[in-house]
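Visitor: Listed here are the chains, written in short residue letters.
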Amino acid sequence: MNAGAQPLVRLSSLTKQYPEVAALRGITLEVPHGVGGLVGPNGAGKSTLMKILLGLVEPTSGTAEVLGFDTQAEGLRIRERVGYLPEHDCLPTDLSATQFVIHMARMSGLPVTVARERAAETLRHVGLFEERYRHIGGYSTGMKQRVKLAQALVHDPKLLFLDEPTNGLDPDGRDDMLGLIERTGTDFGISVIMSSHLLGEIESVCDSLVLIEEGKLDRVGAVTQFTGLGNVLAVEVDRDPELLVSRMIAHDVNARVDGRIIEVEMPDGSATDEAALMRLVVDSVVDLGLPLVRVARQRHTLRDMFRNDDPSASGNGEAV
Amino acid sequence: MANLDEAPQSRGVVYDLGYRNYDGPRLGRRYAIRSLYVLSLRNTFGLGRGTLPKVLAFGLALVALLPAIFTVAFGAVAGEGFEFVEHHDYFELIQIVIVLFVAAMASDLVGNDRKNNTLPLYFSRPIERDDYLLAKIAALATALMSLTLLPQLLVFVGNWLGATDGTEWLGDNISDVWRIGASSTLASLQLAVIGLAIAMFTTRRAFALTSVLAALWFSVVFTAFLVTVLGPGWAAVAMLATPGYAMNAATYVIFDAVPARADRMGEMADQVAYADLPGWTWIAALVAQTAVALFFAIRRYRKVTL
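Protein chains in written order, with my numbering: chain S, 1 to 320; chain E, 1001 to 1306.
Worth flagging that the hints you see were computed from the coordinates, not collected in a lab.
Just so you know, these numbers come straight off a predicted model, no measurement behind them.
Don't be surprised by glycine CBs; every beta carbon is placed ideally from N, CA and C.
Please note that a few of the clues may not be correct.
[What the hints assert, rightly or not] Quick list of in silico lysine-lysine cross-link-like pairs, DSS-like style, CA-CA up to 30 Å:
1. E:K1303 <-> S:K144
2. E:K1303 <-> S:K158
3. S:K144 <-> E:K1115
[Said to hold, decoys possible] Pair by pair, the computed Cβ-Cβ distance ranges are:
4. S:S140 <-> E:K1115: 44 to 50 Å
5. E:L1047 <-> S:K216: 55 to 61 Å
6. S:A22 <-> E:A1206: 36 to 42 Å
7. E:L1170 <-> S:F129: 31 to 37 Å
8. S:F129 <-> E:L1047: 22 to 28 Å
9. E:I1298 <-> S:Y18: 19 to 25 Å
10. S:P41 <-> E:F1296: 37 to 43 Å
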């Protein structure tokens, strides 16, 4: 199997119909190797898609391939090569993290001695130390989430499926988890597909993203495609922003006020044009005697993408 | 994450301690099933768990062994011919102990994985759903062997050692070895499959426990009453449908010990004789009960949503 030639995941007209609802309605797409984000509101079909990819749930129609294997005919081969972190609690309470992760390593086919070694290493890697000998029942949410990651990583999979890996974590724990995921993808050569309803998380760790809404593919692509540098210069001044706006307009440059920030539209042209604009802005500020706080190229965020498309979405706050 | 809060300075380096890629062998499906079997078997006897599961499992196993221990001990004193309990009676004598063991262990073996929602982790590994069930059944059946096979072998060895002429005794009784093996294997498999099939329909331990007790123990009490009021035909049907009767009757048949007397008010052996069925019927009933329970168990696990 050539990792370069084969897409990580390939779906064609994939549907999943439950008695009551259609979870997936005909999705066709390819996900490249790397860290991929699966975004969408709760109930959009993210978890269902992951379970289909693991061969745990049969699609109603269409096909899905993971690492070149068909999910329905070759589920065993896929499951030998992937790790899975489910969204909900899934750990036994009366075993220690060490016992459980060793057991799960053996379930993935690792010989006993290797299973022991790798369980210890993986638990250390996810940041569990002395407490790994205690029963999981007494763990905090953050520790449980680490055990869940460890059992998904212990057999060194080619691909990790992470379903809402930051669920229930406090901000520090969230940062730790995202850091771990990012390093898993970049340093260990393990591809990752993680789902999240938080765009900020996807943006910070993912290379590519798949957006599902109501069981349909909304869009797919590289994250940078959606978050590249914007063509807006943000200028923050302490007072009288309108003065700067009028001065810009007098120079035939579009600008508008957004709170204390003036958004100045940049020309599409060359770097010299940009430098010229930058000089014009700074000169104008000095000339007007405005107290300048900062000037910066504004970066698009994934949130902009949704804000521009669908004004009603902004009511959902951070969540898509 | 208390550990990180206590040692914030180590935060950045913590994760550098050790991820390595693995290129060694991956032993695949059969090895995974065997691993699940071994862990489940260990769990049954409370190994790697707390004190209470150990006490419960080893306690019940010890009680099941007591008649055998008595037989050996008194046999050694009283000499040849003393029989506290005979092979074909043994399961009937300790039936409640075996049933309690099945009830307690079956709910543990399948209930915990469902209660804790661990199934998605198992089924995202290189096993199929039937494999999971297979490993659990094999684990419980093996554990049950220590309550069925072990005491029977102890009785056999005890009688042998107590015999005046060991060689002659062994020559006369050697056929009991396969009878012991066959009867305890059939009984262990039957009880394991039925117990697990019932236990997997609930995640509540108390409910699983009482359901298994009802199916394997109260059913015997109820059928014993039915037999006293029904004619031979219907009494036979009731007995064939009752796991406890099928298990003991099959054991009588295997040891060629169904009494000739047909008294429906008597002991279980007499009631079985009252039904007046050919011997193979009882073994067929046991196998059929096991197969039906297995069918429902497999269907249950194929349908379980993850």
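Visitor: A separate judgement is required for each hint: does it hold in the structure or not?
Guide: Quick rundown of the hints versus the structure:
1. With a CA separation close to 28 Å, the supplied pair K1303 of chain E and K144 of chain S stays within the 30 Å bound.
2. Taken as a hint, the K1303 of chain E and K158 of chain S pair is honoured in the structure, with Cα atoms around 29 Å apart against an allowance of 30 Å.
3. A C-alpha spacing of about 16 Å is found between K144 of chain S and K1115 of chain E, which places the hinted pair at or below 30 Å, so the restraint holds.
4. The given range of 44 to 50 Å is broken by S140 of chain S and K1115 of chain E, whose C-beta atoms sit roughly 20 Å from each other.
5. Between L1047 of chain E and K216 of chain S the CB atoms are about 50 Å apart, so this pair departs from the stated range of 55 to 61 Å.
6. Distance hint check: the CB atoms of A22 of chain S and A1206 of chain E are about 39 Å apart, consistent with the given range 36 to 42 Å.
7. Between L1170 of chain E and F129 of chain S the beta carbon distance is about 59 Å. The supplied range of 31 to 37 Å is therefore violated.
8. For F129 of chain S and L1047 of chain E, the hinted distance range of 22 to 28 Å is satisfied, since their beta carbons lie about 25 Å from each other.
9. About 23 Å separates the C-beta atoms of I1298 of chain E and Y18 of chain S, a value consistent with the hinted range of 19 to 25 Å.
10. At about 39 Å, the beta-carbon gap between P41 of chain S and F1296 of chain E stays in the expected band of 37 to 43 Å.
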